[in-house]
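Kindly produce the complete structure, drawing on both the sequences and the hints.
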Amino acid sequence: MTQHSLELLSPAGNPAALKAAIEAGADAVYCGFADRTNARNYPGLNFDVDEMIESVAYAHSKGAKVLVAINTFPPAGEMKSWKDAIDNAAMAGADAVILADIGVLDYAANKHPNLRRHLSVQASAANPLSINYYRDQFGVKRVVLPRILSVDEVAHVAKETGMEIEVFGYGSVGPMSEGRCFLSSYMTGLSPTSEGACAPASHVTYKEDGDFVLSCLGDVVLNRVAKGEGAAYPTPCKARYVACGKAGYIFEDPIALNALDILSELKKAGVTALKIEGRQRSKAYVAEVVSAFRKALDAVETGETRSTDDLSELSEGGRQTFGAYKKGWR
Amino acid sequence: MSNETAKSARLTLGPLLHHWTPEARRDFYFRAADEMPVDTVYVGEVICSKREPFFEDHLPEVIERLKSAGKEVVLSTLALVTQPREVKAIREAADADLIVEANDVACLEALHGRPHVIGPFINVFNEGARDFVAKNGAFRVVLPVEAPATSIKVLADNAGKLETEVLVFGKQTLSIAMRCYHARANGLTKDSCQFVCGLDPNGLNATTVTGDDILTINGTSTMSNGYGVLLHELDALRVMGVTHFRLSPQAVDMVEVARLFRDTLDGRLAPAEAEAKLRPVTDPVPYVNGFYYGRVGLSWNDRHAA
Chain A
1 MTQHSLELLS PAGNPAALKA AIEAGADAVY CGFADRTNAR NYPGLNFDVD
51 EMIESVAYAH SKGAKVLVAI NTFPPAGEMK SWKDAIDNAA MAGADAVILA
101 DIGVLDYAAN KHPNLRRHLS VQASAANPLS INYYRDQFGV KRVVLPRILS
151 VDEVAHVAKE TGMEIEVFGY GSVGPMSEGR CFLSSYMTGL SPTSEGACAP
201 ASHVTYKEDG DFVLSCLGDV VLNRVAKGEG AAYPTPCKAR YVACGKAGYI
251 FEDPIALNAL DILSELKKAG VTALKIEGRQ RSKAYVAEVV SAFRKALDAV
301 ETGETRSTDD LSELSEGGRQ TFGAYKKGWR
Chain B
1 MSNETAKSAR LTLGPLLHHW TPEARRDFYF RAADEMPVDT VYVGEVICSK
51 REPFFEDHLP EVIERLKSAG KEVVLSTLAL VTQPREVKAI REAADADLIV
101 EANDVACLEA LHGRPHVIGP FINVFNEGAR DFVAKNGAFR VVLPVEAPAT
151 SIKVLADNAG KLETEVLVFG KQTLSIAMRC YHARANGLTK DSCQFVCGLD
201 PNGLNATTVT GDDILTINGT STMSNGYGVL LHELDALRVM GVTHFRLSPQ
251 AVDMVEVARL FRDTLDGRLA PAEAEAKLRP VTDPVPYVNG FYYGRVGLSW
301 NDRHAA
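The listed protein sequences correspond, in order, to chains A and B.
Mapping to the working numbering: the first sequence position 204 is 204, numbers consecutive.
Mapping to the working numbering: the second sequence position 203 is 203, numbers consecutive.
One thing to keep in mind: the hints can contain errors.
With a cut-off of at most 20 Å between alpha-carbon atoms, the simulated DMTMM-like pairs for lysine to aspartate or glutamate come out as follows [as the list claims (entries may be wrong)]:
id: 1; chain 1: A; residue 1: Lys83; chain 2: B; residue 2: Asp39
id: 2; chain 1: A; residue 1: Lys83; chain 2: B; residue 2: Asp131
id: 3; chain 1: A; residue 1: Lys326; chain 2: B; residue 2: Glu256
id: 4; chain 1: B; residue 1: Lys153; chain 2: A; residue 2: Asp211
id: 5; chain 1: B; residue 1: Lys88; chain 2: A; residue 2: Asp152
id: 6; chain 1: B; residue 1: Lys161; chain 2: B; residue 2: Asp39
id: 7; chain 1: B; residue 1: Lys67; chain 2: B; residue 2: Asp131
id: 8; chain 1: A; residue 1: Lys227; chain 2: A; residue 2: Asp211
id: 9; chain 1: A; residue 1: Lys246; chain 2: B; residue 2: Asp200
id: 10; chain 1: B; residue 1: Lys67; chain 2: B; residue 2: Asp97
id: 11; chain 1: A; residue 1: Lys246; chain 2: B; residue 2: Asp213
Listed next, the stretches of chain B that the computed footprint assigns to chain A, with coverage defined by at least 3 CB atoms under 8 Å from CB atoms of chain A [stated by the list, open to error]:
id: 12; segment: 107-117
id: 13; segment: 150-156
id: 14; segment: 209-220
id: 15; segment: 290-299
It is worth saying that the hints were derived from the structure and are not from the lab.
All residues carry an ideal CB built from backbone N, CA and C; glycine is no exception.
Below you can see the structure in the form of structure tokens.
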């Protein structure tokens, strides 16, 4: 397999998606165990221990890496599942674990010093000092930056820390400081930080209201659209509220992040790995996005200029943004 | 409640999370010094570094006044640090001759193990994280607002010297961001914000599209619409080992709020009586306590039903 200087990291919600991602050209895949130890704990997703062992073996046979996300925050008195997850990831031969909680990082650093540790976006480390803390205290090798920094800020962090930097290239826009957002539990009682599920489908309902459809999370109405317009999935940070007398998406529009056209800028900024978001997405989605990014990254490496694939059909709300990468977003 | 336990129950005034005028802020802290029965006062800006210069000149005077009144003074720091000038400010705070409340891990790196308070914006949800920060200089941990009673019980019962603080009054901060939603709601951006957050001393109300009050916008943060109130739960919290009880400043008569909580902690007022007296002070804002019970955060659970 050719060595790409910018690593393409794909999500995998199950072993089939992992294979599809690697076939489509992913250098590495990230995934999680089927429990609340990771931030995409949705029904029918993720890997049991045997699947993890087989998937790591498969990936390694293809020259690809597997990173295991164990990136939620264990509630007090319940750390065992998280410790087990780390032990199991080590046993399966994972190339790295992606962690966020200080207690979990401490356990991993002491128990499995040779298991590579990456800092999850859930730790919300957005400046050189914070990143250095995790490096100094827990020997973290790579940091996944929150989706709130501009390209210049990413470059600054890369230069100041000398760490491996991973950023999001495609998927949801995360406007909040991740791992510290309690909006979903405020509305549902289930915590994304400890249960690993933001806006869980079990708490989502759609109600007819005359010519409109209301999207609700718990008892809270998060959007109202005309019938036939296609109801938006009710996520608290991409909902419509009324403030200052106007109804609008006060946090973030339903829109997808797409960095396909700024890959060379990100590379220049010192980025090591480019992450596609969406472990909850289908195998077909993963294959299509990975393949578009593979082509674009290869073009960046060869210095060739070519038009990038159009992914707007796959995007949330059919619309795309550079998000925080470009000035003016905040 | 034994006398000893009652005595060890400290009432604290958390950092002011809203953007009040420098004069209002100064007068508020003078009243805190002179009239509020609180043991500790947290000063400093947590939400937005752009607000900091407004109060810089008053801060030394306020700290002096609070210390003279016998209060422990703690300097709270930013919850989300991104800019180089914010990193510089964190380093300066860490080197200052004051106890610091760290709200971003950046602060822990700058403190190099010097004694400090872990604020509610650093996730300490379990004993692993608690023991790690305690080993590295934290002498008090303010638990995240989302922590349920089942977690508080485990975390506060540590039999060590570590103190545990819980928010018992005030809007709960539910998220912090890089973007300023207060500016955005007013058709502005963070860089051109005109400090519109100063127009709303208790935050900007956001309702659902069907008109229900749901959230409060406060600069780059989002808060509960209701006041988190753990008045009926004070005794239970004390039994769990919680040592410090935080009141978060709101644009209401905070002297009266502090008196009601102090009287309840000291057994001079029954919780139900205290609630009956608190309601007129805080009307018409509703109360929430769902996180404590591990339920929908915005719910209000009657202590008998809970």
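Right, here's what the structure says about each hint:
About 39 Å separates the Cα atoms of lysine 83 of chain A and aspartate 39 of chain B, which puts this hinted pair outside 20 Å; it is violated. In summary, the hint linking lysine 83 of chain A to aspartate 131 of chain B is supported, as the alpha carbons are separated by about 16 Å, within the 20 Å threshold. Under the criterion of a C-alpha separation no larger than 20 Å, the hint pairing lysine 326 of chain A with glutamate 256 of chain B is inconsistent with the structure, at around 48 Å. Simply put, lysine 153 of chain B and aspartate 211 of chain A have alpha-carbon atoms about 49 Å apart, too far for the 20 Å limit, and the pair is violated.
For the proposed pair lysine 88 of chain B and aspartate 152 of chain A, the alpha carbon gap of about 18 Å is at most 20 Å, so the pair holds. At roughly 18 Å between alpha-carbon atoms, lysine 161 of chain B and aspartate 39 of chain B fall within 20 Å of each other, so this suggested pair holds. Distance restraint check for lysine 67 of chain B and aspartate 131 of chain B: the Cα-Cα separation of roughly 30 Å exceeds the 20 Å cut-off, and the hinted pair is therefore not satisfied. At most 20 Å may separate the alpha-carbon atoms for a hinted pair to count; lysine 227 of chain A and aspartate 211 of chain A meet this at roughly 6 Å.
Among the hinted pairs, lysine 246 of chain A with aspartate 200 of chain B is consistent with the structure: their alpha-carbon atoms are about 17 Å apart, no more than 20 Å. Our distance criterion of 20 Å between C-alpha atoms is met by lysine 67 of chain B and aspartate 97 of chain B, whose separation comes to about 13 Å. Annotation: proposed proximity of lysine 246 of chain A to aspartate 213 of chain B holds, straight-line Cα distance about 14 Å (limit 20 Å). Counting residues of the segment 107-117 of chain B whose C-beta sits closer than 8 Å to any C-beta of chain A gives 4, which meets the bar of three, so the coverage hint holds.
Against chain A, the segment 150-156 of chain B contributes 6 residues with a C-beta closer than 8 Å to a partner C-beta. That satisfies the three-residue criterion, and the hint holds. Counting residues of the segment 209-220 of chain B whose beta carbon lies closer than 8 Å to any beta carbon of chain A gives 7, which meets the minimum of three for the stated coverage. A count of 8 residues in the segment 290-299 of chain B with a Cβ less than 8 Å from any Cβ of chain A is obtained; the coverage claim is therefore met, three being the minimum.
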